[in-house]
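Read top to bottom, the protein sequences are chains A and B.
At the far end of the first sequence sits residue 447, using the working numbering, and the numbering has no gaps.
At the far end of the second sequence sits residue 447, using the working numbering, and the numbering has no gaps.
Don't take each hint at face value.
The list makes no distinction among identical chains, and a pair is therefore deemed to hold if it is satisfied within one copy or across any two copies.
[Unchecked claim] Straight-line alpha carbon distances no greater than 27 Å define the calculated DSSO-like cross-link-like pairs of lysine-lysine that follow: (1) Lys329 <-> Lys233; (2) Lys38 <-> Lys235; (3) Lys38 <-> Lys111; (4) Lys257 <-> Lys169; (5) Lys445 <-> Lys235; (6) Lys294 <-> Lys38; (7) Lys257 <-> Lys14; (8) Lys301 <-> Lys197; (9) Lys301 <-> Lys445; (10) Lys294 <-> Lys117; (11) Lys445 <-> Lys169; (12) Lys197 <-> Lys169.
No lab work stands behind these hints, which were simulated from the structure alone.
Protein chains: 2
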Amino acid sequence: MSRLINETHDPKLKSWVESANDPNTDFPIQNLPLGVFKSRSSNEPPRVGVAIGNQILNVKACSEAVHFDKLAAEAVRACAGSSLNSLMAPGTEHCSALRERLSRLLRADSKEYKSNKKTLEKCLVPMDSAQLLLPVEIGDYTDFYSSIHHATNVGSMFRPDNPLLPNYKYVPIGYHGRSSSIVVSGTSVRRPNGQTKDDDAQEPFFGPCRLLDYELEVGFFVGPGNSIGEPIKIKDAENHIFGLCLLNDWSARDIQKWEYQPLGPFLGKSFATTLSSWVVTMEALAPFRNGVFKRADNDPKPLPYLDIAEDQEHGGIDLTLEVFITSEKMRNQKMVPMRLSQGNFKDMYWTIAQMLTHHASNGCNLRPGDLMGSGTVSGATKDSRGCLLELASRGSEPIQLPSGEARRFLQDGDEVIMHAYCQRQGFRRIGFGECRGPVLPASNKTT
Amino acid sequence: MSRLINETHDPKLKSWVESANDPNTDFPIQNLPLGVFKSRSSNEPPRVGVAIGNQILNVKACSEAVHFDKLAAEAVRACAGSSLNSLMAPGTEHCSALRERLSRLLRADSKEYKSNKKTLEKCLVPMDSAQLLLPVEIGDYTDFYSSIHHATNVGSMFRPDNPLLPNYKYVPIGYHGRSSSIVVSGTSVRRPNGQTKDDDAQEPFFGPCRLLDYELEVGFFVGPGNSIGEPIKIKDAENHIFGLCLLNDWSARDIQKWEYQPLGPFLGKSFATTLSSWVVTMEALAPFRNGVFKRADNDPKPLPYLDIAEDQEHGGIDLTLEVFITSEKMRNQKMVPMRLSQGNFKDMYWTIAQMLTHHASNGCNLRPGDLMGSGTVSGATKDSRGCLLELASRGSEPIQLPSGEARRFLQDGDEVIMHAYCQRQGFRRIGFGECRGPVLPASNKTT
Numbered sequence: 001m002s003r004l005i006n007e008t009h010d011p012k013l014k015s016w017v018e019s020a021n022d023p024n025t026d027f028p029i030q031n032l033p034l035g036v037f038k039s040r041s042s043n044e045p046p047r048v049g050v051a052i053g054n055q056i057l058n059v060k061a062c063s064e065a066v067h068f069d070k071l072a073a074e075a076v077r078a079c080a081g082s083s084l085n086s087l088m089a090p091g092t093e094h095c096s097a098l099r100e101r102l103s104r105l106l107r108a109d110s111k112e113y114k115s116n117k118k119t120l121e122k123c124l125v126p127m128d129s130a131q132l133l134l135p136v137e138i139g140d141y142t143d144f145y146s147s148i149h150h151a152t153n154v155g156s157m158f159r160p161d162n163p164l165l166p167n168y169k170y171v172p173i174g175y176h177g178r179s180s181s182i183v184v185s186g187t188s189v190r191r192p193n194g195q196t197k198d199d200d201a202q203e204p205f206f207g208p209c210r211l212l213d214y215e216l217e218v219g220f221f222v223g224p225g226n227s228i229g230e231p232i233k234i235k236d237a238e239n240h241i242f243g244l245c246l247l248n249d250w251s252a253r254d255i256q257k258w259e260y261q262p263l264g265p266f267l268g269k270s271f272a273t274t275l276s277s278w279v280v281t282m283e284a285l286a287p288f289r290n291g292v293f294k295r296a297d298n299d300p301k302p303l304p305y306l307d308i309a310e311d312q313e314h315g316g317i318d319l320t321l322e323v324f325i326t327s328e329k330m331r332n333q334k335m336v337p338m339r340l341s342q343g344n345f346k347d348m349y350w351t352i353a354q355m356l357t358h359h360a361s362n363g364c365n366l367r368p369g370d371l372m373g374s375g376t377v378s379g380a381t382k383d384s385r386g387c388l389l390e391l392a393s394r395g396s397e398p399i400q401l402p403s404g405e406a407r408r409f410l411q412d413g414d415e416v417i418m419h420a421y422c423q424r425q426g427f428r429r430i431g432f433g434e435c436r437g438p439v440l441p442a443s444n445k446t447t
Numbered sequence: 001m002s003r004l005i006n007e008t009h010d011p012k013l014k015s016w017v018e019s020a021n022d023p024n025t026d027f028p029i030q031n032l033p034l035g036v037f038k039s040r041s042s043n044e045p046p047r048v049g050v051a052i053g054n055q056i057l058n059v060k061a062c063s064e065a066v067h068f069d070k071l072a073a074e075a076v077r078a079c080a081g082s083s084l085n086s087l088m089a090p091g092t093e094h095c096s097a098l099r100e101r102l103s104r105l106l107r108a109d110s111k112e113y114k115s116n117k118k119t120l121e122k123c124l125v126p127m128d129s130a131q132l133l134l135p136v137e138i139g140d141y142t143d144f145y146s147s148i149h150h151a152t153n154v155g156s157m158f159r160p161d162n163p164l165l166p167n168y169k170y171v172p173i174g175y176h177g178r179s180s181s182i183v184v185s186g187t188s189v190r191r192p193n194g195q196t197k198d199d200d201a202q203e204p205f206f207g208p209c210r211l212l213d214y215e216l217e218v219g220f221f222v223g224p225g226n227s228i229g230e231p232i233k234i235k236d237a238e239n240h241i242f243g244l245c246l247l248n249d250w251s252a253r254d255i256q257k258w259e260y261q262p263l264g265p266f267l268g269k270s271f272a273t274t275l276s277s278w279v280v281t282m283e284a285l286a287p288f289r290n291g292v293f294k295r296a297d298n299d300p301k302p303l304p305y306l307d308i309a310e311d312q313e314h315g316g317i318d319l320t321l322e323v324f325i326t327s328e329k330m331r332n333q334k335m336v337p338m339r340l341s342q343g344n345f346k347d348m349y350w351t352i353a354q355m356l357t358h359h360a361s362n363g364c365n366l367r368p369g370d371l372m373g374s375g376t377v378s379g380a381t382k383d384s385r386g387c388l389l390e391l392a393s394r395g396s397e398p399i400q401l402p403s404g405e406a407r408r409f410l411q412d413g414d415e416v417i418m419h420a421y422c423q424r425q426g427f428r429r430i431g432f433g434e435c436r437g438p439v440l441p442a443s444n445k446t447t
């Protein structure tokens, strides 16, 4: 089911793009994540690109410079537009052929490079000089709730008597999210207004959210879709997953608390969701499928439609996730961002294959480019909690910033920065780039 | 805020399309709803059309036959594609100019018709010979819960101690729905599979839904959108609403019951949503804005961002809604569909303007063509309940069909047909066409 380790993962590979050989880069030649960029200095339309070191390889330009054949050529044609959707639709083979072709082209020992140096170097755009755009036209966005640690921590705040509901260990719980307000890393996020009700108040009032939070999540994109009425078997699920990104599911805790019964989160979430710019393909992640989550011995087995041995053994992904914050004061004082937490995607109760299969199990059709969020990634320890609500224990244990400030929830001017990377003995470290969002004050144009 | 009554609503107007003068037609010249159709007999691409009697006027063909000027010409150009989205984007003036122009052209006394009979008649396609498609590319779909009768009836089943939650009279409760599985009237709907858990069972099981239901709703489409972070004031809300349709929010009650806590309905809803083919514009509805809902004297006033006098007085729409059913046995015996209920959209606790303004109040951006559902439209009386769950009192009072069968919930082979119409002394009755969905057996391809 999951992609195999092949020569594109060889840790000895180096690239003629020097910055890709820096041991600290997120984007060595073993990664090759896809995105959409626009040059800041020209009026050309947005293009599909591949991150390599501190450069972006313009895929279309590259295909005009050297020969691509068969599947790789088809994949390149699918990159002609200004989103990854067409490349996501046909399936894993196309993307794999493109990866293999680009890996060969970018290698330090590439003969094609030696004979086409100037032309190929012209296909590179420095990442610094490009604007990175939302890489995918997202039809539907679904957000899951797959960390049992997060569900237990948050459940104990909202429902102290009943933190983990009886369905949790059977159902990959999820809800439909808002697609329109998904923005790319770097976009400012305005603090939402909304209805909130204080516990001791008679009536709710409308005004700026006072309990603004982030949620650290992994997003994954649907590749080939399914027809309505036709479920996706668990053994086929990963063939329908194109790749992963970082996702910040901004949350207004006070709005959410007052509105969420009985139909779930709505305006407490829909004001913004931030995505990282680069989509890391499932094939790039192949060496890191050693993230095994072990259910407790007395936990129920998944129902058969969610249960195959292979998915239980190899379903996890050993992906380290980190959240950093800077306040305006910290930036004024030139302080580096402070790390708030470090967790791992392997700690999730449900795998991405299980989430996807569950989603389609009622016949719901998934389309290429649809986005699923994992839910907040929290681990068992306090320093691996993926949102402020958990980290600061609902405000009772404020976080101390190096500037002397304290944070129960986010303040205007704060910036939240998420990072993710895979590393494993015997392989090159690969990264996700960043998922960054600065917080703006609330709008005053409401009535 | 709401559109004014003008000469296009004059009940004395007749059309040279004879079938539009039939007193029983849903589509007299006073209606002119918009849709997208494809001829069954040619390979032409889908086109925007207007329903008139039992015919469809091909808008593009029509604009090639006679002169359209200014805003109407711009509106026609926006109809060049195969969805209504481009027509929805620019605002009420364009749609109004198009309506006025088509009304003049289709009048029995039109001089243009007299001098272009053959050409104009060629712009008509008999509805019988056309395939009606989903009229809009729907980005996001949001479903509200705006009938206090429905919320109370259903709440008392799921939470007997606590039927109407404390937020209901303050917050227009809603949740994000699934866009991908929205289908047009006439499309078969496959019974979903899913996890359900019997009350006395130790564990859930996976299999075909046993409590399949419909929900009678009104859908409304966003016209011009708003930018992210910029709310929409209640006094401007109807300028952002393009028109209405009928919506069947199919619901798997058993799946919904087991999955819906804590994040709301998900797979119990996302397998299918059926929309009627024609979008009735807000201007066509202008004479019927006399549907005043009066809150109980001790109910709270809406918070200021949802409260203006004009919306309270004219926000409702006097729209009669009916649901019919046929079973396979009834159809085999040539029985006519049986009416299950009759309700009215004016009985809703929240107006469409309030729902839209609430939705954007946190800065969430709405886009042209986004769809909002009202939630099940139920009235105070038993015969006005908009779903089987309520009508058959959770299965305890089965509905008797004329074939001798009984229905607690829907069976395979049943067909649900919804109708809606506005009528008022001194105006022509206008209708919505039908929203029809036959039920197919569940898929057996799950594991």
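So which hints don't hold here, by number, going up?
-> Failing hints, ascending: 1, 2, 3, 6, 7, 10.
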